[in-house]
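Chemist: For the protein sequence lines, the chains are L and H, in the order given.
Here the first sequence is numbered in our numbering, starting from 4 and rising by one per residue.
Here the second sequence is numbered in our numbering, starting from 94 and rising by one per residue.
These are computed hints drawn from the structure, not numbers from a lab.
Do not take every clue at face value.
Said to hold, decoys possible - Chain L is faced by these chain H residues, among others (derived, beta-carbon under 8 Å):
1. I105
2. L111
3. K128
4. W129
5. C162
6. I216
7. I217
To be verified - In silico lysine-lysine, DSBU-like type, Cα no more than 30 Å apart, as pairs:
8. H:K124 to L:K91
9. H:K141 to L:K87
10. H:K124 to H:K212
11. H:K212 to L:K87
12. H:K128 to L:K87
13. H:K124 to L:K95
14. H:K124 to H:K141
15. L:K99 to H:K141
16. H:K128 to L:K95
17. L:K91 to H:K141
18. L:K95 to H:K212
19. L:K99 to H:K128
20. L:K95 to H:K141
21. H:K128 to H:K141
22. H:K124 to L:K87
23. L:K99 to H:K212
24. H:K128 to H:K212
25. H:K141 to H:K212
26. H:K124 to L:K99
27. H:K212 to L:K91
28. L:K99 to L:K87
29. L:K91 to H:K128
Glycine included, every Cβ here is placed at the ideal spot set by N, Cα and C.
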Amino acid sequence: MLDATLSALADPTRRAIVGLLSESELSVGEVVDNFELTQSAISRHLDVLEHARLIERRREGQRRICSLSAEPLEELSDWLQGYKRFWKGSLKRLDKNLSRRNQ
Amino acid sequence: MMAGVTKEKVVIRHIVDLSPDEAFDAWINPKLVEKWWGPEGYRTVVEKLDARPGGDFIFQMTAPSGASCPMTGTYTAIERPTSLSFEVRDHCVADMPDTVRPPAHPSHVVVAFEPHGDKTEIIITQAGLNADYQLLAEGGWGQSLTRLAQTPS
Numbered sequence: 004m005l006d007a008t009l010s011a012l013a014d015p016t017r018r019a020i021v022g023l024l025s026e027s028e029l030s031v032g033e034v035v036d037n038f039e040l041t042q043s044a045i046s047r048h049l050d051v052l053e054h055a056r057l058i059e060r061r062r063e064g065q066r067r068i069c070s071l072s073a074e075p076l077e078e079l080s081d082w083l084q085g086y087k088r089f090w091k092g093s094l095k096r097l098d099k100n101l102s103r104r105n106q
Numbered sequence: 094m095m096a097g098v099t100k101e102k103v104v105i106r107h108i109v110d111l112s113p114d115e116a117f118d119a120w121i122n123p124k125l126v127e128k129w130w131g132p133e134g135y136r137t138v139v140e141k142l143d144a145r146p147g148g149d150f151i152f153q154m155t156a157p158s159g160a161s162c163p164m165t166g167t168y169t170a171i172e173r174p175t176s177l178s179f180e181v182r183d184h185c186v187a188d189m190p191d192t193v194r195p196p197a198h199p200s201h202v203v204v205a206f207e208p209h210g211d212k213t214e215i216i217i218t219q220a221g222l223n224a225d226y227q228l229l230a231e232g233g234w235g236q237s238l239t240r241l242a243q244t245p246s
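Here chain H stands alone, though its shape is the one from the complex (with noise of 0.2 Å):
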């Protein structure tokens, strides 16, 4: 699994033993959904999936320590196999550290589903956090801050 930062956005890729289609169904069917969104020890019930263009999605996630707090937001793009995009509206942060709040404002994940042999390589892009501090996000600090100071002014 690779994670990275270019300078706009968080990206994250992973390759999954699954089709195209078979990812892309993870990502749509709540009964599939149920079974993986979140990280290890999380519950999610999915209260409303609307997998159109303009539908919305309501996950209710529960967090190992019993925190509960639902993740909201609306679908762009369905373009199966090969993308689907989405909005998030509600950021659940239950179980993260005190000092974070959710952002202000929604933030766009786009996902994208690429055939490596019988495997699918799922990136997910996740974009509008801010475009200027997304530099931050990779790494320890002082690759960081290298990187910053590196950056024109």
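With the rest of the complex left out, here is chain L (with noise of 0.2 Å):
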């Protein structure tokens, strides 16, 4: 799963419309007007999204709104905090175990 998310955010639209999302869910027209671009190209995003689990999309009347999914992301917060959460203990004990006035 972490794959797809990185990979379908490694598309600086797709990482924008994630952004979007993250304030409030949008219906694909108010999507695509925050975009110069087609409602097809977008769609094309919202597909990817979509696929990777990061967005879901349901029907409301003759609106298809978006809404973020926050599993994916998440778990790729959990991968990046893993890593900085590793350093940052690490450089703790460092000074604990090491420095001068601990000797």
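Bring the two chains, given one by one in their own frames, into a single complex with the hints.
Modeler: Written out as structure tokens, the structure is:
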């Protein structure tokens, strides 16, 4: 799942779409209004995001509503935070176990 | 301690009460490495540490749960006492969430040692996880995603 998330977010337009949807859910038309791209180009980006499970689309009357799906982003966060945690934890121990004042 | 993310890299800074030479030694002397490598509760055994450009390292790490895995890689630059660089080939992910898998490609780590009075600031820059999604690494999701939204397309 992480691979799909990363490859979906490798594109700047798709990152911008995810950014927009993090503020509120939007109809497909409203997403299109935010870009200088055709509806079919945006639809293709939405297909990729939906396939990666980053967004969900549902129908409300005539409108198709896009919303963010948190789970893949949480997984990505866990992964990135994992390396930050690794180094921060290690450096704390370096200071604690090796610094002069603790010798 | 500060941790931040620039456009392309994860950067972590920490000031230690050591001279640059002492801080540098902490990274390449196996006996010293074993005293701190890995987060709290981890145990690290240095199986190999060849601190020369092209030299390999193999650190066997054991997580608090007992899960064990090696962290391995190759040193690319050794410049006492200002910096050292290495590529991480195997990322040990013991005790990380089940959904988290190690990256498929090596990541590049640069460690800089900058004197601050009689202390030293260690600056770790980890790159190569993937430039495009480092933007997501900082802070809470709201903040990250706001920044994503501002990324020019």
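Chemist: If a hint holds in the structure, say so; if it doesn't, say that too.
Modeler: Right, here's what the structure says about each hint:
1. Because the smallest distance between the Cβ of H:I105 and any Cβ of chain L comes to about 5 Å, under 8 Å, the interface hint for this residue holds.
2. Against a cut-off of 8 Å between C-beta atoms, the interface hint on H:L111 holds, since the closest Cβ of chain L lies about 6 Å away.
3. Interface restraint check for H:K128: the shortest CB-CB distance to chain L comes to about 4 Å, inside 8 Å, so the restraint holds.
4. Hint status for H:W129: holds, given a least beta-carbon distance of 4 Å to chain L, under 8 Å.
5. Among the interface hints, the one on H:C162 is violated; its C-beta lies about 12 Å from the nearest C-beta in chain L, farther than the 8 Å criterion.
6. Hint on H:I216 is violated. Least Cβ distance to chain L is approximately 10 Å, over the 8 Å limit.
7. Contact between H:I217 and chain L, as hinted, is supported at the beta carbon level, the nearest pair being about 5 Å apart and thus within 8 Å.
8. Straight-line distance between C-alpha atoms of H:K124 and L:K91 comes to about 20 Å, which keeps the hinted pair within the 30 Å bound.
9. Distance hint between H:K141 and L:K87 is fulfilled; the C-alpha atoms sit about 24 Å from each other, no more than 30 Å.
10. A hinted pair counts as satisfied when its Cα atoms are at most 30 Å apart, and H:K124 with H:K212 qualifies at roughly 21 Å.
11. Between H:K212 and L:K87, the direct Cα distance comes to roughly 22 Å. Compliance with the 30 Å bound is thereby established for this hinted pair.
12. For a cut-off of 30 Å, the pair hint linking H:K128 to L:K87 stands: about 19 Å separates their Cα positions.
13. Our distance criterion of 30 Å between C-alpha atoms is met by H:K124 and L:K95, whose separation comes to about 17 Å.
14. The straight-line distance between the Cα atoms of H:K124 and H:K141 is roughly 11 Å, inside the 30 Å bound, and the hint therefore holds.
15. Taking the CA atoms of L:K99 and H:K141, the gap is near 24 Å; set against the 30 Å cutoff, the hint holds.
16. For the suggested pair H:K128 and L:K95, the alpha carbons sit about 11 Å apart, so the restraint of at most 30 Å is met.
17. Distance hint between L:K91 and H:K141 is fulfilled; the C-alpha atoms sit about 23 Å from each other, no more than 30 Å.
18. Our distance criterion of 30 Å between C-alpha atoms is met by L:K95 and H:K212, whose separation comes to about 15 Å.
19. Among the hinted pairs, L:K99 with H:K128 is consistent with the structure: their alpha-carbon atoms are about 10 Å apart, no more than 30 Å.
20. Straight-line distance between C-alpha atoms of L:K95 and H:K141 comes to about 23 Å, which keeps the hinted pair within the 30 Å bound.
21. Note on H:K128 and H:K141: the hinted pairing holds, with a Cα-Cα distance of about 15 Å set against a maximum of 30 Å.
22. As the CA atoms of H:K124 and L:K87 are separated by approximately 24 Å, the hinted pair is consistent with the 30 Å bound.
23. Simply put, L:K99 and H:K212 have alpha-carbon atoms about 14 Å apart, close enough for the 30 Å limit, and the pair holds.
24. For the hint linking H:K128 to H:K212, the alpha-carbon distance of about 19 Å falls within 30 Å, and the restraint holds.
25. A hinted pair counts as satisfied when its Cα atoms are at most 30 Å apart, and H:K141 with H:K212 qualifies at roughly 29 Å.
26. For the given pair, H:K124 sits about 15 Å from L:K99 by alpha-carbon distance, which is consistent with the 30 Å threshold.
27. The straight-line distance between the Cα atoms of H:K212 and L:K91 is roughly 18 Å, inside the 30 Å bound, and the hint therefore holds.
28. Using a Cα cut-off of 30 Å, the hinted pair L:K99 and L:K87 holds, with the two alpha carbons roughly 18 Å apart.
29. For the suggested pair L:K91 and H:K128, the alpha carbons sit about 15 Å apart, so the restraint of at most 30 Å is met.
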